[in-house]
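Engineer: Listed below are the residues making up each chain.
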Amino acid sequence: MAYSDKIRGTYQAQLKGIQDAGLFKQERFIHSPQAADIEVEFPAGSPLRKVINMCANNYLGLSSHPDVIKAAHEGLETRGYGMSSVRFICGTQDIHRELENRMTQFLGTEDTLLFPSCMDANAGVFEAILTKDDVIISDRLVHASLVDGIRLCSAMHDTIKHSDMAHLEEKLQLHADKRFKLVVTDGVFSMDGDTAKLDEMVALCEKYDAMLLVDDSHSSGFIGKTGRGTHEKCGVMGKIDVITTTFGKALGGASGGCVSGRRELVEMCRQRARPYLFSNTIAPVVVAGVLKVMEILSKSTERRDKLERNAAYWRKGLTEAGFVLKEGDTPIVPVMFFNAKLAQDFSRSLYDEGIYAIGFFFPVVAQGQARIRTQISAGHEIHHLDKALAAFVKVGKKFDILGKTKQEIIAKYGM
Amino acid sequence: MAIEGLKDIVLDYVTKEYLEDDSEALTYDTPLISGGIVDSFSMVSLKRFLENKYAIQIPDDQATPEAFDSVNKIATLVEAFVAKKG
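As you go down the protein sequences, you meet chains R and X in turn. Residue numbering for the first sequence follows the numbering used here, starting at 1 and increasing by one per position. Residue numbering for the second sequence follows the numbering used here, starting at 1001 and increasing by one per position.
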């Protein structure tokens, strides 16, 4: 019989193991649009609670913007609901091309290709442009989607200690005999919230004739003076060979992603990338929404400016309260707990105080590195941040971790 | 046949390549991959380092996570390939 008791029992034991280890994730059900204030059902079946959301990738507060919603409606009316096709067959509309051109201009590259998600862009790009004669040298903290895409590729894969430029130089020398070398990094690292040293990486890549790929999903729209991304912040626009990014975070938050960069590399993706060839095109409604987002961002930097002020205010407040944070200057502010159960218990207590912020633990982050990854939005007002800070302080006192070092927290709660 | 200093060279390389400053010191028997210290995908630079240093070629099907799981096991593998070289 298919799916025998033996098979079912094996998986039940595995799931119980995850629960016993304190690593089981539970979903919360949101009954409102994404915004700073949301209504949540948690646990399932509970009455709805109004809470402040401190963990969305809604950096610019555009996920439910009325102008974006209106543009999406217009997209539905003029271009339909779905294309029922991959891009190259009959899934490319004029608005797909328009968005690709807009992203090329925004990112300062030569060409852009849309994908159903940045996860798909990252899954497809490496295999499309590299062979077994090449090497990929990636930072050890790159996003899971990059790791997965690299594993799908036949090129050799080596890694460097996080943001360690001396280690990168060693690896570029070690692999000098390969046909092509591709260095891979996040622009802003998704779990730690720190920024890649793109200026130094570009210099090393130029010195050793290597290409550079940056996943700027946690940067596009708000990092850099005009929100172009990490390359703008580091003064290396025009020097990144491949940028991958998502429309599922700051740029509207719906879905979709892209590969943007050197013309030939983008064209190779158009010809060979499997997610492009075999996965459905981005729905017209989403493309229309993203086009409106890009129009909003091209008119003013007020949203990214407000985000920057909010993030600084938030980080200062948590630091002064005595939390252990990962260092950085982005809207990703990880509050470190190290112990998975502590992170989850703290999150649950925050929820009781009206603050929605989820604990992250293995396998999302390394064992012993559990945290609550707070993320700030231009949609947050100061009263949101003040209420959230008060809640963090109250719960921090409850768990007696304020002013404690990493070692002291681990001594009290274990890893 | 044992190669002089091989284990310390491997231990030194693995420590510098994979460990952060506040990590515990490794021994010749510390499980590297099964112990989560070395990602099996990160073995490639160790493999290249050994091949370059001892002028050997380790086929991919023999550069397994099991064969690389401790300094002692790595030394055994390297010595076997050096001996084959003659």
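Hints are computed from structural coordinates only; laboratory data are not their basis. These figures come from a predicted structure and were not determined experimentally. Hints may contain errors.
[Claimed, not checked] Residues from chain R that face chain X, not an exhaustive set, calculated with beta carbons under 10 Å:
(1) Ile89
(2) Gly91
(3) Gln93
(4) Arg97
(5) Thr131
(6) Asp133
(7) Val135
(8) His157
(9) Asp158
(10) Ser163
(11) His175
(12) Val364
[Said to hold, decoys possible] Pairs of lysine to aspartate or glutamate residues, derived as EDC-like cross-links and limited to a Cα-Cα distance of at most 20 Å, are as follows:
(13) R:Lys161 x X:Asp1012
(14) X:Lys1047 x R:Glu353
(15) X:Lys1016 x R:Glu170
(16) X:Lys1085 x X:Asp1060
(17) R:Lys406 x R:Asp194
(18) X:Lys1053 x R:Glu41
(19) R:Lys394 x R:Asp352
(20) X:Lys1047 x R:Asp134
(21) R:Lys178 x X:Asp1012
(22) R:Lys161 x X:Glu1004
(23) R:Lys161 x X:Asp1060
(24) R:Lys387 x X:Glu1017
(25) R:Lys132 x X:Asp1060
(26) R:Lys132 x R:Asp177
(27) X:Lys1053 x X:Glu1017
(28) R:Lys70 x R:Glu98
(29) R:Lys387 x R:Glu408
(30) R:Lys406 x X:Glu1017
[To be verified] Each pair of labels, with its calculated beta carbon distance range:
(31) R:Asp199 x X:Asp1039: 22 to 30 Å
(32) R:Asp20 x X:Gln1057: 17 to 25 Å
(33) R:Pro363 x X:Thr1027: 24 to 32 Å
We put the CB at the ideal spot given by N, CA and C, even for glycine.
Engineer: Hint compliance check: list the failing hint numbers for this structure, sorted ascending.
Structural biologist: As far as the earlier hints go, 1, 2, 3, 4, 5, 6, 10, 12, 14, 18, 21, 22, 23, 24, 29, 30 and 32 are violated by this structure, in ascending order.
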